[in-house]
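Chain A is already provided as a structure; the job is to place chain B on it using the hints.
Number of protein chains: 2
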Amino acid sequence: MDYVLPLTELIEQFRRFPGVGAKSAQRMAFQLLSWDKSDIHKFSDIVLRAGKDIHYCPDCFNFSTGGSLCAICTNEKRDKKTICVVSSARDLAALERTLEYKGLFHVLHGLISPMDGIGPDNLKISQLVQRLAKYSDVQEIILALSPSTEGEATTLYLTRLLKPFVSKITRLAFGLSVGSDIEQTDELTLARALEGRKDC
Amino acid sequence: MDYVLPLTELIEQFRRFPGVGAKSAQRMAFQLLSWDKSDIHKFSDIVLRAGKDIHYCPDCFNFSTGGSLCAICTNEKRDKKTICVVSSARDLAALERTLEYKGLFHVLHGLISPMDGIGPDNLKISQLVQRLAKYSDVQEIILALSPSTEGEATTLYLTRLLKPFVSKITRLAFGLSVGSDIEQTDELTLARALEGRKDC
Numbered sequence: 001m002d003y004v005l006p007l008t009e010l011i012e013q014f015r016r017f018p019g020v021g022a023k024s025a026q027r028m029a030f031q032l033l034s035w036d037k038s039d040i041h042k043f044s045d046i047v048l049r050a051g052k053d054i055h056y057c058p059d060c061f062n063f064s065t066g067g068s069l070c071a072i073c074t075n076e077k078r079d080k081k082t083i084c085v086v087s088s089a090r091d092l093a094a095l096e097r098t099l100e101y102k103g104l105f106h107v108l109h110g111l112i113s114p115m116d117g118i119g120p121d122n123l124k125i126s127q128l129v130q131r132l133a134k135y136s137d138v139q140e141i142i143l144a145l146s147p148s149t150e151g152e153a154t155t156l157y158l159t160r161l162l163k164p165f166v167s168k169i170t171r172l173a174f175g176l177s178v179g180s181d182i183e184q185t186d187e188l189t190l191a192r193a194l195e196g197r198k199d200c
Numbered sequence: 001m002d003y004v005l006p007l008t009e010l011i012e013q014f015r016r017f018p019g020v021g022a023k024s025a026q027r028m029a030f031q032l033l034s035w036d037k038s039d040i041h042k043f044s045d046i047v048l049r050a051g052k053d054i055h056y057c058p059d060c061f062n063f064s065t066g067g068s069l070c071a072i073c074t075n076e077k078r079d080k081k082t083i084c085v086v087s088s089a090r091d092l093a094a095l096e097r098t099l100e101y102k103g104l105f106h107v108l109h110g111l112i113s114p115m116d117g118i119g120p121d122n123l124k125i126s127q128l129v130q131r132l133a134k135y136s137d138v139q140e141i142i143l144a145l146s147p148s149t150e151g152e153a154t155t156l157y158l159t160r161l162l163k164p165f166v167s168k169i170t171r172l173a174f175g176l177s178v179g180s181d182i183e184q185t186d187e188l189t190l191a192r193a194l195e196g197r198k199d200c
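Each protein sequence line maps, in turn, to chains A and B.
Start counting the first sequence at 1; every next residue gets the next number (our numbering).
Start counting the second sequence at 1; every next residue gets the next number (our numbering).
Extracted from the complex, chain A is given alone in its bound form (with noise of 0.2 Å):
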């Protein structure tokens, strides 16, 4: 089946987003076509727009607009001593999700992966470092990275780097997930949950 050639266009714009498949995109080619003209078009104008306005903060290379520091870096609220290293604006989010954290972010754009040929260069590393040059008085890096071999391979990486210049470097602590079931939950995480065991 040929559809006409903007059809075809569109389907194959969908399908180059994560997670959409064939019939995924196709149906989400027609849904849009079956909206008002006047949708259509917000929905183009808003998808240049971001395209535009978003850029990355300066300082945390989170998402913001015009140029300049982000929501979370101007907030005189935020706990400046402390900055939390993440690999995603999207595991950014998922920590502000939790309304525990009150520091700040350093977003690096990715982990290294020499199998992907990522290296520390192609992360917002240098960045950090000249972060911490700039403004002395952080006291605490918190290491939020997947434990995945990439993220503890940016750990172990970041750590070494970046002892010369804060006192304290932390990293998420393993354990058991809540709700969880310890029989259902493997053994290295159970160690791990053992290992770092706390008084009751």
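Think of the hints as simulated: they come from the structure by calculation, not from any bench.
Here the structure is a predicted model, which is why all the values come from computation and not from measurement.
Because identical chains share one entry, a pair is satisfied inside a single copy or across any pair of copies.
Heads up, simulated SDA-like pairs for lysine to any residue below, C-alpha to C-alpha not over 25 Å straight-line: (1) Lys23 with Ser146; (2) Lys23 with Leu172; (3) Lys37 with Gly110; (4) Lys42 with Ala25; (5) Lys23 with Tyr56; (6) Lys52 with Ala71; (7) Lys81 with Val4; (8) Lys81 with Arg131.
For chain B alone, kept in the frame of chain A given last:
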């Protein structure tokens, strides 16, 4: 966590698509922002162009461009003596993928559904009657509608309505599972159903 406004708007737009929840919409928006500016521009353009250029074929109401007849209606190799009635362009595409059918189509753009306030007048039914009156050499109408309550009602309605205009009215063979969706049916099953069509 408050994202910057253009990003929030972008996520909201993606949520409008079927099967896209909060997390998927966020993932899609982040993915889009990771593209080159030129790619974002292209995506926005393609959306806009699809909305502007894609119209219905004036004969069969499949998607077409520039107000002209669609590629199927203008294809000289198609059998003009048979019209297959489908509820949507997606169902049409599913039938085309079987490579079994060589006739024309007619897209109703819905099914009769009194519960949703959709009657025959809300569908492209009068246009089908006009089409049959105009091209008197149509010898068979195939009603390829999903075997749901609405599909059955529409099949029954069309069978009675079209009797005076055409000698042979058929429907897809059962072989389709009752309550299923044409779009989700695999090509082989759909081809068998087409092959075993029965008189109404």
